[in-house]
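These protein sequence lines are chains R and V, in that order.
Last residue of the first sequence? That's 70 in the numbering used here, and every number before it is there in order.
Last residue of the second sequence? That's 1228 in the numbering used here, and every number before it is there in order.
Because the hints were derived from the structure by calculation, they are not lab data.
Worth double-checking, as some hints may not be accurate.
[What the hints assert, rightly or not] Which chain R residues face chain V? A few, computed with CB under 8 Å, are given here:
1. 25
2. 29
3. 35
[Unchecked claim] Some chain R residues well away from chain V (every beta-carbon gap over 12 Å; in silico):
4. 16
5. 21
6. 24
7. 48
8. 57
9. 58
10. 60
11. 62
12. 65
13. 66
14. 67
15. 68
All values derive from a computational prediction rather than experimental measurement.
Where a beta carbon is used, it is the ideal one built from N, C-alpha and C, also for glycine.
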Amino acid sequence: MTRVHRSVREYDVFARKARVDPLRHVGRVVAPDDDIAQAYARATYDEERWVEMVIVPREAVITVTAPGEE
Amino acid sequence: MGDKVSDLVLSLADCKQLLGLRYAEWCSSTPTLEADIAAAAMGLDDLGHSRVLAGCLSELGPDPRGPERESDPAAYRNVAFLDDTWTEWEQFVAANAILDTAFTVLIESLVEGEVEVLRTRLRKMLAEERYHFLHGRSWLNELGPTASVDQAWREAVEWFGPDGGELRRRLAGKLDRPEPKFEVDWSRWDPIRRRVQPGAIDADTFAMLRGLEERRYGISRAEAPARG
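Just chain V, same shape as in the assembly (with noise of 0.2 Å):
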């Protein structure tokens, strides 16, 4: 696809992570007690497979990762659809049907590529997206065409770049109905981000994901007992 290897693992570990956090968001909030369980088990397998992903990048030459992902949420890599919390389960299955398989496409593409250290790691999602995608196609037919469905497939499509016209054709081959009709503007298009549209992560998820929160209401050196 011509792009360093070591970014497009990187935007698909952020993609990752985002996706587990935004399906952990709705493991109570479902329409049923199922689908919730669902919701918690992708999340913790997509988080898990973000670690994976993020552990690779050792091995693929400079890493990546800058100080800017310290301070500016504009620095994580992922697709617009995951920069908020969702409000309607339509983009929850949005996101599973099309988001999630898109980004299983570029994996399947890797796991036959020749990469070795990507050959061998991450193989084992594949087993385990398999339960996502089962879930993801059949809520998709529950529901029908939606506006999500349609922004999430053409950020998909975006994310996927200029050159990712096998891409295309297979995630469309997977879930088995036609690509929506859309233009992307790639004179806007941002190589490393991976998508068109601008923004970022809200303040909230970003101050999470840098353990802002955690530090907040932690107790500091100062203040913990002096240990005899």
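Just chain R, with the same shape it has in the complex (with noise of 0.2 Å):
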């Protein structure tokens, strides 16, 4: 994919379509800052009529535990 961008963060996104779910994770964007990062995920995760929608900078994630760790 081309990249234009001078530099991109990795983005998480979340969304639930009733208030009683939890949210959960529906998939990623790549872009250059925040607000164009919630363009493109409102974008490309439309199909549902979610309630709430909330992105996360990847880098802002900490692990405690991962798949394959004992």
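Once you've looked at the hints, go ahead and assemble the two chains, each given alone in its own frame, into the complex.
Below, the structure written as structure tokens:
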């Protein structure tokens, strides 16, 4: 994929369909800033009428346990 | 603003229809896959907004759409920036950041205004337009000043009209940058099409809007198999 931006960040996208549901991971976007990441997340993951969608910069995620760890 | 509100709403509907089509034309040509998807999504949004706006016309007095719209591309009330397909990405960004935001500024003023049908039906557009604005502003910051930005901004000011001072201030405020320096020759301004420049949408786009292309490739009544 062509990358034209000077630097980009990866964002995880979380969403839910109803208030009683937990937020679940629906995908990722790559964007140069938080604003455009919101626009990309909303455009890319519009398969449901979400009541809530949030994005988190991947670098802010702290892994506590990961698959394959004993 | 002194104008007939139905004339203004039709111009907004025409601009949004053309903007939606121009966005859609770019949905596989932007610099990144994510922007391709955003172009498609924004195109669908603006085509939807155009339909809602056109649907409001029946409640705003006599319909300003005459028979000339079937034959004359210059009957469309769109800004000149949308007359032709954009050949450069910077034109997409200028339209996205400046013109789309200018249309939103007007929608905001209609939602705050006194016409009930517009107050209620246009509100949802503002939620969708928030993403167009974030997308346009970020790309504008990425590209920096361009000739296309100046041109789009000039056409936005023309579209607001000679009494559009408050809308101009709102547009510059939203974009958080000063309006470029230019002079508008208001003596040449067309109050129906809300533009100074002559010209009209390209022939292919006009044919598509009128459904002529579909008719050419569609099955005519004589060719259709008889139903038993």
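Results for each hint:
Contact between residue 25 of chain R and chain V, as hinted, is not supported at the beta carbon level, the nearest pair being about 18 Å apart and thus beyond 8 Å. Look at residue 29 of chain R: its Cβ gets to within about 6 Å of chain V, closer than 8 Å, so that hint holds up. Annotation: residue 35 of chain R was flagged as interfacial toward chain V, and the flag holds, the nearest CB pair being 4 Å apart, inside 8 Å. For residue 16 of chain R, the non-interface assignment is confirmed: its Cβ lies about 18 Å from the closest Cβ of chain V, beyond the 12 Å cut-off.
Distance check on residue 21 of chain R: its Cβ is at least 21 Å (rounded) from any Cβ of chain V, clearing the 12 Å threshold; non-interface status holds. With a closest Cβ-Cβ approach of about 21 Å to chain V, residue 24 of chain R is found to remain outside the 12 Å limit, as its non-interface label requires. Against chain V, the non-interface label of residue 48 of chain R holds: every CB pair exceeds 12 Å, the least being about 14 Å. Taking the minimum C-beta to C-beta distance to chain V, about 15 Å, the non-interface status of residue 57 of chain R holds against the 12 Å cut.
Remark: the non-interface label on residue 58 of chain R is consistent with the geometry, its nearest Cβ contact in chain V lying 15 Å away (cut-off 12 Å). Residue-level check passed: residue 60 of chain R sits 20 Å from the nearest beta carbon of chain V, beyond 12 Å. The beta carbon of residue 62 of chain R is kept farther than 12 Å from every beta carbon of chain V, the shortest such distance being approximately 26 Å. Every C-beta of chain V lies more than 12 Å from that of residue 65 of chain R, the closest at about 30 Å, which supports listing it as non-interface.
With a least beta-carbon separation of about 27 Å from chain V, residue 66 of chain R lies farther than 12 Å from that chain, consistent with its non-interface assignment. Every C-beta of chain V lies more than 12 Å from that of residue 67 of chain R, the closest at about 27 Å, which supports listing it as non-interface. Every CB of chain V lies more than 12 Å from the CB of residue 68 of chain R, the least distance being 30 Å, so the non-interface label holds.
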